[in-house]
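A.B. asks: Single-letter residue listing:
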Amino acid sequence: MSQYAATVKAMEYPPQLKHKVIFQTFESLQPNEEMLLINDHDPVPLRYQFELEHPGKFTWEYVERGPSLFQVKIGRVE
Amino acid sequence: MANVEILDENSVCIHVALEDAVQMVKWAAEDIKGYASEIVTISEKMPAFDFIYFCFYAYDSARLFERLLGVDPRQYTSFSLDAPDAFFYALYGGMQALYAQAVQYATSPQEN
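Note that the protein sequences, when read in sequence, are chains A and B.
The opening position of the first sequence corresponds to residue 0 in numbering that gives the first Met the number 0, with each subsequent residue numbered one higher.
The opening position of the second sequence corresponds to residue 0 in numbering that gives the first Met the number 0, with each subsequent residue numbered one higher.
If we strip away everything but chain B, and leave its shape as in the complex, we get (with noise of 0.2 Å):
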């Protein structure tokens, strides 16, 4: 599980590892159907950011990282994440396994 190290009232700063982001990626798949917008939107997205520099919060597409904290990260205005290379490589390979079937969610709301 993420390690959340509050610093102040308003500061946190977020550590994961690799076996965070294949928690995201089990969780993502036990809904796909749920986190159908964050699968798509982390696939679509995180070539262009470089893998390791995505922003969750660029695309609203925070929902799965959230669950990892056990903490409210919007209640903190200074936010900073330390998280390895694998971190981000693993979540991207994982959502793209899982891209096809969300973008099928994504694109048929009547379905949800």
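With the rest of the complex left out, here is chain A (with noise of 0.2 Å):
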């Protein structure tokens, strides 16, 4: 069984839909859940985003980290 509540390949949406189907993932996610978010490319601009919208709400650690493929865990925090 996964360790995740959820995973999200980004790679599989279109820019204007990746970080409206990230958020609503984690918004979905109960406290002290996590998701796993899977990108072909580091997800900087994403990390800033959930500063902005969720900030002291979120973990954010990367499982994987390049060149190629970047996974990060992402958890919510209650």
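The set of hints was computed from the structure by calculation and includes no laboratory data.
Since the structure is predicted, the reported quantities are computational estimates derived from the model, not experimental observations.
Glycine residues also receive a C-beta, built at the ideal position from the N, C-alpha and C atoms.
Worth double-checking, as some hints may not be accurate.
[Said to hold, decoys possible] Computed Cβ-Cβ distance ranges for the label pairs, DEER-style:
| id | chain 1 | residue 1 | chain 2 | residue 2 | range |
| --- | --- | --- | --- | --- | --- |
| 1 | A | Gln2 | B | Thr106 | 43 to 49 Å |
| 2 | A | Gln29 | B | Trp26 | 40 to 46 Å |
| 3 | B | Gln100 | A | Pro66 | 39 to 45 Å |
| 4 | B | Glu43 | A | Lys72 | 46 to 52 Å |
[Unchecked claim] Output of the computed footprint for chain B on chain A, the stretches with three or more beta carbons under 8 Å from beta carbons of chain B:
| id | region |
| --- | --- |
| 5 | 9-17 |
| 6 | 31-44 |
| 7 | 63-72 |
Given two chains presented individually in distinct reference frames, assemble the corresponding complex, making use of the accompanying hints.
C.D. replies: Now the structure itself:
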């Protein structure tokens, strides 16, 4: 059983939907649950958006950091 | 004009330069009313992204950017942007110059 409540493969979505899907998934998490984000480049802008939209309410940990694949464990803090 | 490198059917890499930001500002200045929401969003949000990490798709503010490309990046699921810092700083400065006027349009929908 996966340790993640949800997984988002950002490469499967067109650019205008990527952030929306990721944030909808994050907002559906229960406190202390985690999601896995998989992307083909470092999602640095997304982290800035998280800091802006959910300051102090998320955790961000790289599981894999390139060069061609990036996986980030994003947790919801209560 | 931006250089759009189509890598495969799903992937595109977009290369932009300082002059592309200047072009975006010119288009925005020519139609402040039409681009009011983009001008306001870019002006207000870019600083929170340390400017150079701003994503046009984070807040639906990609119309000026897409006008540069000549292709529709929404057709590609793998999308990367190669841009010098100067591109972002020039864009921010230009949008800030138009901000006050754009806010008036953005907050007065009955005027649109």
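A.B. asks: So the hint says 39 to 45 Å: do the beta-carbon atoms of Gln100 (chain B) and Pro66 (chain A) match that?
C.D. replies: 44 Å, holds
A.B. asks: Residue count check for the region 63-72 of chain A against chain B: does it reach three with CB-CB under 8 Å?
C.D. replies: violated (count 0)
A.B. asks: Take a look at whether the Cβ-Cβ distance between Gln2 (chain A) and Thr106 (chain B) falls inside 43 to 49 Å.
C.D. replies: Roughly 46 Å apart at Cβ, these two residues keep to the hinted range, so it holds.
A.B. asks: Look at the Cβ atoms of Glu43 (chain B) and Lys72 (chain A) and judge whether their distance stays inside 46 to 52 Å.
C.D. replies: 30 Å, violated
A.B. asks: For the region 31-44 of chain A, do three or more residues have a beta carbon lying closer than 8 Å to a beta carbon of chain B?
C.D. replies: holds (count 4)
A.B. asks: Three or more residues of the region 9-17 of chain A near chain B by CB distance under 8 Å?
C.D. replies: That given contact holds, which follows from 7 residues of the region 9-17 of chain A lying within Cβ reach (below 8 Å) of chain B.
A.B. asks: Can you tell me whether the CB distance of Gln29 (chain A) to Trp26 (chain B) sits inside 40 to 46 Å?
C.D. replies: With a Cβ separation near 45 Å, Gln29 (chain A) and Trp26 (chain B) satisfy 40 to 46 Å, so the hint holds.
Comparing the model with each earlier hint shows violations of hints 4, 7; every other hint is respected.
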